[in-house]
Each structure stands twice: as C-alpha cells, then as structure tokens.
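Student: Now for the letters of each chain:
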Amino acid sequence: MLETKDILETINMIDNENLDVRTITMGISLLDCIDEDIDRACAKVYDKICRSAKDLVKTGEDIEKEYGIPIINKRISVTPIGMVAAPCQSKKVVKFAYALDKAAKQLGVNFVGGYSALVQKGFSSGDYALIESIPEALAETDFVCSSVNIGSTKAGLNMDAVKMMGKIIKQTAEATSDKNCIGAAKLVVFCNAPEDNPFMAGAFHGVGEADTVINVGVSGPGVVRAALAKDGAGKDITEIADMVKKTAFKITRMGQLVAKEASKRLCVPFGIVDLSLAPTPAVGDSVAHILEEMGLEACGCHGTTAALALLNDAVKKGGVMASSHVGGLSGAFIPVSEDAGMISAAENGYLDITKLESMTAVCSVGLDMIVVPGDITADVISAIIADEAAIGMVNSKTTAVRLIPAIGKKAGDELNFGGLLGRGPVMRVRKGSPEAFISRGGRIPAPLQALKN
Amino acid sequence: MKAIITVIGKDTIGILAKVSETCAKYDVNIIEVTQSVLQDMFAMIMLVDIEKSIVGFDKLKENLNEVGDKTGTKIHIMHEDIFNSMHKI
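Line by line, the protein sequences are chains A and B. Each number in our numbering comes from the position in the first sequence (counting from 1) with 547 added on. Each number in our numbering comes from the position in the second sequence (counting from 1) with 4 added on.
Possibly wrong hints are sitting among the right ones.
Part of the chain B face toward chain A, derived, beta carbon under 8 angstroms [to be verified]:
1) 10
2) 49
3) 82
4) 89
Partial list, derived from the structure: chain A residues whose beta carbon lies under 10 angstroms from chain B [to be verified]:
5) 554
6) 610
7) 616
8) 619
These are calculated hints, taken from the structure and not from any lab test. Note that CB positions come from ideal geometry on N, CA and C, so glycine has one too.
All chains should be built: construct the whole structure from the sequences, respecting the hints.
Tutor: Here's what the structure looks like:
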C-alpha cells in the first residue's frame, strides 16, 4: 500500500498548490488536405480536424475526473498553414483561419495553433501571403493562434522576416485595439521553434511528426514554490536544486501518466511531455515567486538570472527521467502578464525589459507577454525580435517574442486581458532608433555553432 | 480498477461508517484502510476495488462528496495510478 504521507502530498499539491496538467494538445498533420482550390482545401482541413479530434475534449474530461487531476486546456496544433496554403491559387489565405476557428468551436477546444510560417531561411510561395494575413486572421477569429519562425542556429536569421514581423505585430495589435489588443497575445515570433510544442500561442505540428500525435504540457510552479517554502530554510543552493529536481520528477510523472492514458484512449501515438513550469495569474502559481523563495527580494533584482538558470536546469533534470519522451519547450516560462509575481515586480520597478532579455538567455522561451507602449515603432519591435532571436541562434535554444503593443497607452499604464492571459503594466523600451539596421534586410549568417558536422 | 479514497477533516463519530456504507451500497470493495488522527484532524485512506461498482465513477464521486458535506470532511476519490506514478519508480 502507498504511504499516507505520499497520498496526502499529492492531494495537497492539487488542492492547494495549483498542480495541474496545463494542456493536452493533439497534433494533426494537414499535409493530406493540400489542394489547389482554397475552398476545397479549407473544407478538407475542417473535416480532418473534426474527425481526428472528435473525442479529444471528452477524453480529457474523463481522465480529469477519474484521476482527479485538473486538465486545464485541450488544444489542437496543425501543420504550418503556410505550407498547406502554398499551392492554392487564391491568395485569400485567411480562409484557413476561419476553417480552423470553426473546427475549434465545433470541438470545444480552447485553442488551435498552426496559423504559422517557417521562414528562417527564406519565404516559400504560401508564406508571404500567410504572414500578411495574420492581423486579419487574429482579429476575426477567436481561437486561432499564429507563429512565425524567423531564425535558427542552422539557418541564421531572416532579417527580411524580422522586419516584416515588426509591422505585423503592430498591425495585429491595432486590428484588435477595441479588445485590449488581444490579437498580439495570440502571435509568437520564434527562433529555433520546436515542432512538438504543446503550448500556445506557439504550437504547430512539425512536418517530421506522425499523422496525429498527443503531446502533453505539465505545469506546477506553485508546487515547486511550496516545496521550497516548506523545507528550503537554511539549505544551500545545491540542496535547493535537488528539491526542485525531486518536485519536477513528481509533476512530470503525472504528466506522463495523463499523456499515456490519453494516447491509449484516443488511439493516437504519444509524442512528448513538455516539462514546463507555466505560471498563471492565480495566487501561488508564479515562477517569479519561486525565484523569490530562493532568496531574492524581488524577481528582477541582481541574482535573478542565476536563480532562473538553476531553476530551468533542475526542472529538466528532474523531469527527464520521469518521462519516456521529453520535448517541446521544457523549462521555466516567464510570461510577464501571466505571472502574479512578475506583474508585481514590474509594477514596483524591479523588472524591466532589459533584465527580462538576459533572463531569456537561460530560460526555456523568451520575451513573453510583455506589454509595450502603443506608439512603439515597427522597427523597434523588429529590433527586439532580432536581439532575442540572436540569443536563441547563438545558444542553440528556442527563443520567442510575444509583445503586445498597447494601442493608446503609454509606459506605466496597464493592460488587462483577464483570465489566463492576466494583466500587465506597459513597459518602457530602450531609447534610440534601430531603423537603418532593420531596413537593411538580408540574412544574418548562421553562426559557427551551426557547423557541427 | 482500483481507486484511493481519502477523507480529511475534523474528527467526528461515524466517518468511517458513513464512507463504508456508501461503498457497500454500490458494491465497492474496500481492500485496505489506514487512518490517523493528529490534533483532531482526521485523515483516512482507503484502497478500494471499483471493478464491480454498480454506478459509474462520476456518480460514486458525487455520493462520496455528499458524505463529505454531511460529515464536514473533504473526500477525494482518485485512480490509484496517479499516486503510484508520482511516488514509485
């Protein structure tokens, strides 16, 4: 029989420390839906998604009830639409976004990701039209998420795409300015985008993946913080790292169990577990609070990068043995507006965009859910993307940018999305214009790190 | 399928009886019980076999929650595997 203390520990994690499975994401390949006629292609896309994922939400809910573990989101990721749209003679690519949104509504899933283009080295025929259509697609649909990969360690950075994305982010925010600029929160720009990421807004189903696949994203910053709060006093940093590892192991085992069970019930192969600490705005579910529990006065003070590096590494080490396949982003997320501790650190002047940029060099994603002034120029957004992508390219890691230009607001104001997306203070960006640099276009060559063969 | 029922709350007379009664009513076989009382806080853990249960998992959960409400305790029923996977290698 199991030990009483272990059983009570699990119950306590779920009841009081916000332990949950953040998402079950079904990846669906749309390569067999490609058609020259865009309307026929959209009909095939809708049919395939509805057929493949018809039981996804119910299965998620059943597992949630039986195992007593909350499963917050059920989502779908699809083949980057830029590829699916490539042969279509019509350039009205946005029709695919409507088809995805209709399928999401029909199935009752929370989001569908994959309105995406992979342009790290250049644009192919469908990509340009897709990127141009992003502002309209995200303004006119409710559940579609979009991502664009503009660089990789192997390919370098596509600075033409970087330049373009600065404008697209601004236009997306403007197109949804009556809805708190929510469109920009559904758009991510990546360097080294993972092809099996279950988390939004950056999820898409890579071309090397099986026809359908189940990926699971776990969470649990609250559990890690509680473990440190309970037993961390007086411990040295090696012991703190061990405590994080042990907790990450337990969290991931639960994710692995849910992934295997969902895969079995849906008769869809199990892909990966993404071992991420994904915060929510709920009290006690914050990555910033873990860092503070380690001994920092506030997230953002000197020492934050080191603490985050330790956390990110320990999460992976603990989680990797708990799951048969690990993938996605796997690490600690630092989305400012979705993390109660980060919001308060930013409001109180501890955390700014420069410190966040250095933190992204050691965590699993990038500049995430950061609200910037509405009058920011497209060039500055592009330059922020370029900086962040350069960190990812050189360090062979994923970095991403999800900025929300708060139209009509200035530094110090607040933008409130509500729900899981939270709220964020408008953050100041650095002075000076990168316009001439960005307008050059071209490609930053792949770094020496790419030449491994 | 085996499940774990946990009952946590203030100790009062008859908690074990009421939970067992619900189990018996639906043909849920109790395999093992441990309980402890620490400073008036009652914690009981039951390993049960719900293979022959005449009601579904949902209904059983609902009924146990009702017992919890009546006795002022918090009752969970969860698949045994969640604990096994988390605490055993």
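Student: For every hint, state whether the structure bears it out.
Tutor: Okay, the hints, checked on the actual structure:
1. A cut of 8 angstroms between beta carbons decides the hint on residue 10 (chain B): the least distance to chain A is about 6 angstroms, and the hint holds.
2. Residue-level restraint check for residue 49 (chain B) holds (minimum Cβ-Cβ distance to chain A is 5 angstroms; threshold 8 angstroms).
3. Proximity of residue 82 (chain B) to chain A holds as hinted, the smallest CB-CB distance being about 3 angstroms (cut-off 8 angstroms).
4. A least Cβ separation of about 4 angstroms between residue 89 (chain B) and chain A falls short of the 8 angstroms threshold, and the interface hint therefore holds.
5. This hint holds: residue 554 (chain A) has a C-beta 5 angstroms from the nearest C-beta of chain B, less than the 10 angstroms allowed.
6. A hinted interface residue such as residue 610 (chain A) counts as satisfied when its beta carbon comes closer than 10 angstroms to some beta carbon of chain B; here the least separation is about 9 angstroms, so the hint holds.
7. With a least beta-carbon distance of about 6 angstroms to chain B, the hint placing residue 616 (chain A) at the interface is held under the 10 angstroms criterion.
8. Interface restraint check for residue 619 (chain A): the shortest CB-CB distance to chain B comes to about 16 angstroms, outside 10 angstroms, so the restraint is violated.
Consistency note: the structure conflicts with earlier hint 8 alone.
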